[in-house]
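Asker: Protein chains in written order, with this note's numbering: chain A, 1 to 284; chain B, 1001 to 1264.
Everything labelled a hint here was simulated from the structure, so no lab data went into it.
A hint or two may mislead.
Below are the BS3-like pairs computed for lysine-lysine, each with C-alpha atoms no more than 30 angstroms apart in a straight line [claimed, not checked]:
| no. | chain 1 | residue 1 | chain 2 | residue 2 |
| --- | --- | --- | --- | --- |
| 1 | A | Lys194 | B | Lys1152 |
| 2 | A | Lys80 | B | Lys1152 |
| 3 | A | Lys194 | B | Lys1120 |
| 4 | A | Lys171 | B | Lys1152 |
| 5 | B | Lys1119 | B | Lys1024 |
Here are some of the chain A residues that sit facing chain B, going by a computed Cβ distance under 8 angstroms [stated by the list, open to error]:
| no. | residue |
| --- | --- |
| 6 | Ser50 |
| 7 | Thr182 |
| 8 | Leu183 |
| 9 | Pro198 |
| 10 | Trp278 |
| 11 | His279 |
For every residue, glycine included, the Cβ atom is placed at its ideal position computed from N, Cα and C.
Read off the chains here:
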Amino acid sequence: MALATKVLEEQAPPAPISIQPRPPGKRRLRRLVPPLLCFVIVVGVWQGLSASLSNGRQFLLPPPWEVLTKGLLAHDAYSKILPALGRTTALALGGLAVAVALGLVTGTVLYRFRWLERATYPYLVAIQAIPILAIAPLMAVAFGYNFFAKGVIVVIIAFFPIPTSFLLGLKSVDRGLVDLFTLHRSGWLTRFRKLALPNALPQLFTGFRISAGLAVIGAIVGEQFFQAGQPGLGMLFIQYIDYVDYDQLYGCLIVSSLLGIAIYASFNYFSHRFFGSWHESAQP
Amino acid sequence: MPESAVAARSLLDVAAAVESPAGKGLAFEGVSLVYPDGTHALAPVDLTVAPGEFVSLVGPSGCGKSSLLRLASGLVEPTTGSIDVDRDQLGYVFQDPTLMPWRTVTANVELLAELHGLKKAERRRLASAAIDLVGLTGFESHLPARLSGGMKMRTSLARSLTMNPEVFLFDEPFGALDEISRGRLNDELSRLFSQRQFAGVFVTHSVQEAVYLSTRVVVMSPRPGRIAATFDVPLPVPRDPEMRFDPVFTDIAHHVSSVLREGS
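Isolated chain A (complex conformation) (with noise of 0.2 angstroms):
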């Protein structure tokens, strides 16, 4: 028999849709006002910018029209353009996987012994101070000028956000819960797996989206660097300073931050559609 048949009083807060009062349609509208407003003030300025160089200097930063018809939609652009980002997005996004997946182990062994965690962790900042360029000719020694190379500097950038944000989610579960397992003597695994794991996929999201973003960054330099295969577009960079071709190079500038943007957006929309219902980071 039930103790009590009745809540009515204790009903749950009412969901939020019920009571707003303009179509989502409209809102969504309203929201991508600001951007957009600052879109054209942002193009506006920069077309302000490039009206007033003298006509010598002028080339240092093309109007955003011919910046858009040459460097963007012009057949010689996108040829190589195209092929270039293909070829970025697949380092970037190799090397994401692979300190995806080395993050993944060293925050769940760090977890596992703590111990560790105080002996390794100044050589995880360590790793993250690296300045990339200066190690990246020995990456060339090492394994020669390759794709392998390059995805090392691009695991190397990424890696620092993984198991640090995954750590911290992983230990930072409810104490009342730990208590609760405790009590119902629990062993490593199922506490891992049951409570640990899941309180920490929120934050480990925020360390993919930042992972993500420095991967691209990684991708990049390692191409510039090296400079040698088929040309991503790192490579494109150097080649279109080289040629003075800078309606192109704004091109592929803005291309490239399309690029980052991209990935991080499927990260957040990831993240929203899997823990938007219980996790604040997650809220739009």
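Using the hints, position chain B against chain A.
Answerer: Here is chain B on its own, set in the frame of chain A:
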């Protein structure tokens, strides 16, 4: 006294005579606790809680009330003395609901059965019975973020009920709730107790709550924590909100309050 209360009492007497409460309860013998930094948390304490007894611990902050629960559960080892309790038959309700925010009400309530390796069908059965018992039917698939404070606490209570514990420890579970939710949960807990006849230990700051729920009130005093006084509450269970105005009730509440004032 209202007629229904008299009826309740006689019914209870019958129930008590028919089924003897299960389990062996909880016994502290000369239990003291000194923290590594030298803080004397508890002076030697003797306390026995038999099945069918509901004991409230009241006292100012730092008098070792919560320490007693942590000792009973084995989360903390005593410095001296011994504790006799079957730790496989222990329920523990914390100050916070301590729910997993990624799990629905049902999945949260199923947790303990899951940790004990029960089959899925059995887990579901236990969980839905417990959810029914605390009046959360209809909210099974809600995530904790969409529940009110009282409903979160009910979920926590349902979770601890699934394994049908013989000894029930409550660490100020309703302290953060509003007066109305708190009163209602007190009534339900009292009914639950009269039905299941577990050995209950309830830590609270509220004298009213302590007297209302308990068959015995233990007043503690701080530095180091020790038992200052003990009061039996000879009112029938389950308690009825009207009993708060019973002279027996007000008299005990008055005495408990005056001991608390002297002790601190």
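Asker: Determine for every hint whether it applies to the structure shown.
Answerer: Taking the hints in turn, this is what the structure says about them:
1. A C-alpha spacing of about 20 angstroms is found between A:Lys194 and B:Lys1152, which places the hinted pair at or below 30 angstroms, so the restraint holds.
2. Between A:Lys80 and B:Lys1152 the CA atoms are separated by roughly 58 angstroms; this puts the pair beyond 30 angstroms, and the hint is violated.
3. For a cut-off of 30 angstroms, the pair hint linking A:Lys194 to B:Lys1120 stands: about 15 angstroms separates their Cα positions.
4. Note on A:Lys171 and B:Lys1152: the hinted pairing holds, with a Cα-Cα distance of about 23 angstroms set against a maximum of 30 angstroms.
5. The straight-line distance between the Cα atoms of B:Lys1119 and B:Lys1024 is roughly 28 angstroms, inside the 30 angstroms bound, and the hint therefore holds.
6. A distance limit of 8 angstroms between C-beta atoms decides the matter here; for A:Ser50 the minimum to chain B is near 50 angstroms, and the interface restraint is violated.
7. Interface hint status for A:Thr182: upheld, as the beta-carbon distance to the closest one in chain B is roughly 6 angstroms, under 8 angstroms.
8. Evaluation of the A:Leu183 hint against chain B yields a held restraint, the C-beta minimum of about 6 angstroms falling below 8 angstroms.
9. At its closest, the beta carbon of A:Pro198 sits 5 angstroms from a beta carbon of chain B; the interface hint therefore holds under the 8 angstroms criterion.
10. With its C-beta approaching chain B no nearer than about 4 angstroms, A:Trp278 sits inside the 8 angstroms limit, and its interface hint holds.
11. At its closest, the beta carbon of A:His279 sits 7 angstroms from a beta carbon of chain B; the interface hint therefore holds under the 8 angstroms criterion.
Hints 2 and 6 from the earlier list are contradicted by this structure; the remaining hints agree with it.
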